[in-house]
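4 protein chains.
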Amino acid sequence: MDPDAAAMNASVGFDWRLMPHDIAGSIAHAKMLARQGIVPAADVDRMIAGLKEVEKELREAALDLDPALEDIHMNVEAALSKKIGDAGARLHTGRSRNDQVATDLRLYALSACGKLVLGLDTLRRAFLAQAKAHVDTLAPGYTHLQRAQPIRLAHHLLAYVAMFGRDRGRLLDAFQRLDESPLGSGALAATTFPIDREGVAKELGFSGVSKNSMDAVGDRDFAVEIVAAAALAQAHLSRLGEELVLWSSQEFRFVKLPEGYCSGSSIMPQKVNPDIPELVRAKTGRVFGDLIALLTVLKGLPLAYNKDLQETQEPLYDAVDTLHQCLRVMSGLVAGLEFDAARLGRAVGEGYLVATELADYLVTKGVPFRDAHDVVGKIVRAAIASGVELAAIPIAELQRFAPQIGDDVAGWLDAAKAVDRRDVVGGPAKKQIEAEIARLDKELAKK
Amino acid sequence: MDPDAAAMNASVGFDWRLMPHDIAGSIAHAKMLARQGIVPAADVDRMIAGLKEVEKELREAALDLDPALEDIHMNVEAALSKKIGDAGARLHTGRSRNDQVATDLRLYALSACGKLVLGLDTLRRAFLAQAKAHVDTLAPGYTHLQRAQPIRLAHHLLAYVAMFGRDRGRLLDAFQRLDESPLGSGALAATTFPIDREGVAKELGFSGVSKNSMDAVGDRDFAVEIVAAAALAQAHLSRLGEELVLWSSQEFRFVKLPEGYCSGSSIMPQKVNPDIPELVRAKTGRVFGDLIALLTVLKGLPLAYNKDLQETQEPLYDAVDTLHQCLRVMSGLVAGLEFDAARLGRAVGEGYLVATELADYLVTKGVPFRDAHDVVGKIVRAAIASGVELAAIPIAELQRFAPQIGDDVAGWLDAAKAVDRRDVVGGPAKKQIEAEIARLDKELAKK
Amino acid sequence: MDPDAAAMNASVGFDWRLMPHDIAGSIAHAKMLARQGIVPAADVDRMIAGLKEVEKELREAALDLDPALEDIHMNVEAALSKKIGDAGARLHTGRSRNDQVATDLRLYALSACGKLVLGLDTLRRAFLAQAKAHVDTLAPGYTHLQRAQPIRLAHHLLAYVAMFGRDRGRLLDAFQRLDESPLGSGALAATTFPIDREGVAKELGFSGVSKNSMDAVGDRDFAVEIVAAAALAQAHLSRLGEELVLWSSQEFRFVKLPEGYCSGSSIMPQKVNPDIPELVRAKTGRVFGDLIALLTVLKGLPLAYNKDLQETQEPLYDAVDTLHQCLRVMSGLVAGLEFDAARLGRAVGEGYLVATELADYLVTKGVPFRDAHDVVGKIVRAAIASGVELAAIPIAELQRFAPQIGDDVAGWLDAAKAVDRRDVVGGPAKKQIEAEIARLDKELAKK
Amino acid sequence: MDPDAAAMNASVGFDWRLMPHDIAGSIAHAKMLARQGIVPAADVDRMIAGLKEVEKELREAALDLDPALEDIHMNVEAALSKKIGDAGARLHTGRSRNDQVATDLRLYALSACGKLVLGLDTLRRAFLAQAKAHVDTLAPGYTHLQRAQPIRLAHHLLAYVAMFGRDRGRLLDAFQRLDESPLGSGALAATTFPIDREGVAKELGFSGVSKNSMDAVGDRDFAVEIVAAAALAQAHLSRLGEELVLWSSQEFRFVKLPEGYCSGSSIMPQKVNPDIPELVRAKTGRVFGDLIALLTVLKGLPLAYNKDLQETQEPLYDAVDTLHQCLRVMSGLVAGLEFDAARLGRAVGEGYLVATELADYLVTKGVPFRDAHDVVGKIVRAAIASGVELAAIPIAELQRFAPQIGDDVAGWLDAAKAVDRRDVVGGPAKKQIEAEIARLDKELAKK
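Chains A, B, C and D, in that order, are what the protein sequence lines are.
What the first sequence shows, in the numbering used here, is residues 1 to 447, in sequence order.
What the second sequence shows, in the numbering used here, is residues 448 to 894, in sequence order.
What the third sequence shows, in the numbering used here, is residues 895 to 1341, in sequence order.
What the fourth sequence shows, in the numbering used here, is residues 1342 to 1788, in sequence order.
Hints are not guaranteed to be accurate.
Stated by the list, open to error - Across the chosen pairs, the derived CB separations fall in these ranges:
id : chain 1 : residue 1 : chain 2 : residue 2 : range
1  : C       : Asp1215   : D       : Asp1755   : 48 to 54 Å
2  : C       : Gly1300   : D       : Lys1393   : 36 to 42 Å
3  : C       : Val1282   : A       : Ala61     : 52 to 58 Å
4  : B       : Glu797    : D       : Arg1780   : 47 to 53 Å
5  : A       : Glu60     : D       : Lys1423   : 32 to 38 Å
6  : D       : Leu1513   : A       : Ala7      : 46 to 52 Å
Please keep in mind that the hints were generated in silico from the structure rather than gathered at the bench.
Each residue gets a CB set at the ideal place from its N, CA and C atoms; glycine is no exception.
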């Protein structure tokens, strides 16, 4: 091969990740070949022993991977043949590189899903722990980045537990859908040998076998599905990154990031920069890019296997590694966040966050909601003009806008009370928060 | 508002799609307000009657949608208030536009998933019917667009049934994950009114309620998940489009597209162009684009609701409409395909597609597979040089390359026999194809 | 044609935008046919008169566009033939729909580039006007969203003039590259008629003609190039949107958005939401999506024209319309921004923004920069512990950290003086800002 | 720093590519510091000598890059300080890592543009050489992958020269736009030292200096612009890859790929697979992905520098490396293509490719084009029914459809003559092809 072409063709620079799966797949295949009488048992025994040795040597870096051998599969097979000679040349009986690589990739993908689910749960636990510590911390709830209504900080933190919980679900669904062994699909048309696909699948831990050999060798849906789930998880992480950057700014100062996750400036001695939240926010780009890379590769490919599919590996690896790294680093960072409860509490008191409560109060006095909303709008504008918050306006003054207002309004304009009045499932009332924490504690404990 | 700003702000140009869901949501909400004693039952009766009238008039285009009223929600509410006055102003009690639009969108998304699943199954049935008609049609199986091994045409067609079956699964998973009512989440912090979220959810057909109000109003994961599933389905359709373009070219001539799906040229009188397969292939681009649009919108948004989320609607609608249209048109087109069985059969006989069988034959004679592969490689090169296919080489000549070859080799070099020797689950042997057709018949019948 | 197929095939729902260009192209083509003696001059006269009538009627909506006629080209030609009969049937002599649509699209693209360049300059002028008004407004400059060094607000605003200036350049480059007439390329292989391509190109305002007919009919590079430029411009707009959202939050309160660009909440009476900056930020997603849509369509297409190219139109239109709308609305919004100079000034004084100046001061006293940086780091940490800013620390105290510090340090710790010391090209010193404003005034005046 | 955070923060794993630019930038900066009297000349001499040593040692791998030092800049500076002590600590006077990395990246980008332009021209030369060899090779021209009209193979090949020529233009435009030195912009607000920005820029080979320091440190437009140009070039390469896969299939057999660019199958001994064209086609995905990664990173970033920008480096490097590799390998592959002129010629004769000529012929006899098109449509359908090509139909038979047809029609139905009748600029007539080859020869010679 032309040297440039060989360099482009070689995949061992990234498919080394498949090594343990490749060896496991070969051992399961070899055992089956013996079981079915396709290859003599003695040869298979030598194959298995040889494969285990090759794995050990590769793990210990006692063997070099050779780009001239193109991919991990040929590297392993060549090393095996060097060890056991003729018997090695029988290993590829009844399979093809096409179903072999599909099998390896699925085993990798299953393990990647598992790893990411664990990573998500670790991060969710970090949020849950912070939520437990901040049930009683009042905070401003925002919409449009404008202060909106008072909440408990725990409520805000639990929103992330919910978001990352959905990511978990998507990865598990992907896991289940990909949990089929393609081995035995051959190059595209299965094989003429009387192989036992179900037996091999079982040995490798798959729940079943694929149903169409042409589909099986050309299918990389699982990579797209995992990377799509990762892209959305990363979008969630970008929201978290954004909030941490905001909240640690001089203007917000709601939280202090743990020092181990920040860095200084080469010229500004006073700077403590939120590097990690920024990087996590930015890494969203590469996972979105990985998703587009994968989808683009698949566009317009005729059946069954095409070499284009080699280009599906790196985006998958990159997305899995990136998300995993971000989850790890964010788990540590979130665990170390120090919220400024006093400052958060002051922020709740500034910006008319209880205006909605006043409108709701008026509804309880019989005013239709739309009208109540309008009246309170006027009150707020007057209050802004006077530079006072609602609770500071004398009741008589309020009554000039809405005669229905009575002394009992005070209980509605206190943020702490207001937040507990929001006592419906999913709401920020203490009772609801405690119930949700208990539910999540159970969910996250059992895993 | 500034006119340019108002034009940008208005969403009624696309969110009219939410109308039936908006009305259904309002009716369920109103009933609950009465049930909980939050709003007088008489007012609620008038609301419901009024909402039904508004829906009827909007369906019959007897009411105009007014961009000045910004969105479908305000259009409906304004029309209602015009009809029933004061009572209408009570409808918004205990909810916000933020949870209202989230509810509408989820109802739309549930129905979209259902529609797409039906569309996928219709296309799968079209493939299944063609597969039944072509169990006995031999065809060349390809890898790298090079003829590889003989298959049955049904096998190739069933690969698409498998691919679109996975798309179906992804949409159902999305359906289940999104099947939670966000109503009652308010603007972001639920509500102070003693609403019954579960009751409303049940009335609207949701399986449950969301667990965190801040998450619920800012969550558009379901849109991303559906569009990601649509993008992958569209990638599958692009593979189909590509194959139809190839197969209907003068070079392949494997299939004749039904006339109703082709068009001519403005200047070349002889042309019959595969316009529909090309357009379906191309429309993949817009769904990939919709996915990126959605993910980009979400990147870096702080909690909870931000106006940015308005931009999640159009990509969702476009992806759903595009995929639905492509599935419909492809269902008709696939049903009308006329395959040229004779030409497919001839193609199987040209290009040494049974070379693998010869190698496998040698393995049955005790030759290790790698060695058998090498020997057959030499035979093929000699055959190419002589311009003959393998079956045409005298046995004596074959034996010069591999003395193990006997008279029984003929049975291996016949494509029809070869394909039935590939008799493992997922393989192209007649028995396997028939079993898979039976399995799919059952799956696709029960729906 | 099958009705679903016809619906998919029809492009008149979006290519009506090409109407004026289609008519202009046909008139220029017709004139040439007469000039070259290919079609009798009398016929051509009737064509031109007829085309002008058709255009008038379409502009006045006196003619309906018929989807059954598929595209704008056939609609125009059919309307023409209805008017002038036989002569209309000669119009298509020596051209094909493939070079016709390529020509129409390029004429559209040229005009779109022009429109966007004007839109960019209008926005740049709005920034320039604000910059002129805020040369003397000090503001904190940020990196990592942490206060970093003092700047003039004008400096920050001029950064946007620079960014949008590059977008302008990219669109002009795209303009120049696409400024070639493809007419005469026929379906793919030019034409047998003795046409005059250069003459038609000149009449249509093109600077030249394309050099390869196969390339010309299959080339949509110009659409990709424009949309890529639009995507980057939109990324710049998203940065602006983000800053406006931040700066108008309760935490920053650096700016008040003009009321006409904000909206309220359906339930929170106090809210004034930055809807337009949020929408502009979000619309970035759709332009990124348009870019991916276009690139995906082109991937893997064989030469020359393929129907897939029909799918390149909508992303181009959407990107152009979106960017144009965002530029318009942002021009109005930026013009109406009211900055809070006092609050910006206070922010400059909080957060040790002159720490770098102190380090630089030490360098002037002979301390190597890295050492100066370390010393000042210690001073800042001590100041934070004491809760004072640098200017408030007694000199004797400062000297305990760095004996080189003298009385002259005060001039370095005053933000207003500090910023003028940053007197290099592109820096925030008043002199530099004024020079840059003068330069831009000249650039933006002459257009 | 937390170890996970440090691992995420470190960029030296990829920014080592900037090393030569970093050293060049530091040397130019240091010289200026001496020239301006900011740092003693003796110190600067030691810096320069030291930097050159560091570069030499890094090139020779005599120095290790240490991830603990985070990036290439700190690695270089640390190595320098180790060599020259105190003097090294003065190097960073008047600059910041923010303008330093911006400078390094621009120097890299300029050199990358140059490299890619050379790569494009090499590939264009390979096409031009093949075109020269195939001026007289007739080939079917396609639209919709249906045979359309006869062309010269050279014409098809020259279409690629035109496509890659536009890519060249885009890269040169990017080059010119980015050709401004940001050095001196400091962290975001320039510097208090009396530096000479223009002098440093000149020394580094830049054509000018940036005009706004806040913009300059946060600007990565040049990366987006280069990667967008690369994405489109890669889309062109994907079209080439697709055509090579098609043309080397058993069905087309128009071309034989050079052996050094193909590979075999692990189980199918007869296979010669077009691996390189497939990989090049697929690599389009990663460059599209790189583009989306970059754009996503930029979305919504406030000014000026944010750590997110670190994530713009890898997509730029990956896109540049990928395109460069694809151009190299395709240059070799295209040079080695062996076209089957006989088979191409036969293909021209099958499929009624001269139907348009017959219609054009009728126009010369006074038939309006649309009518001529319809008549020829009927003739072609009759010919298909009889299984003959147009040239084989007796004239008397043709006259039954169109009495205007005379003996002179034969000259129109001969593909070789037909193609030379297409004699307009950009057309496939021999004269035109030769002129275009001459033009390109000149263009590609002078570089």
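Against the structure, the hints come out as follows:
| no. | hint | verdict |
| --- | --- | --- |
| 1 | Asp1215/C x Asp1755/D: 48 to 54 Å | holds (49 Å) |
| 2 | Gly1300/C x Lys1393/D: 36 to 42 Å | holds (38 Å) |
| 3 | Val1282/C x Ala61/A: 52 to 58 Å | holds (57 Å) |
| 4 | Glu797/B x Arg1780/D: 47 to 53 Å | violated (43 Å) |
| 5 | Glu60/A x Lys1423/D: 32 to 38 Å | holds (35 Å) |
| 6 | Leu1513/D x Ala7/A: 46 to 52 Å | violated (28 Å) |
Of the hints listed earlier, those the structure fails to meet are numbers 4, 6, in rising order.
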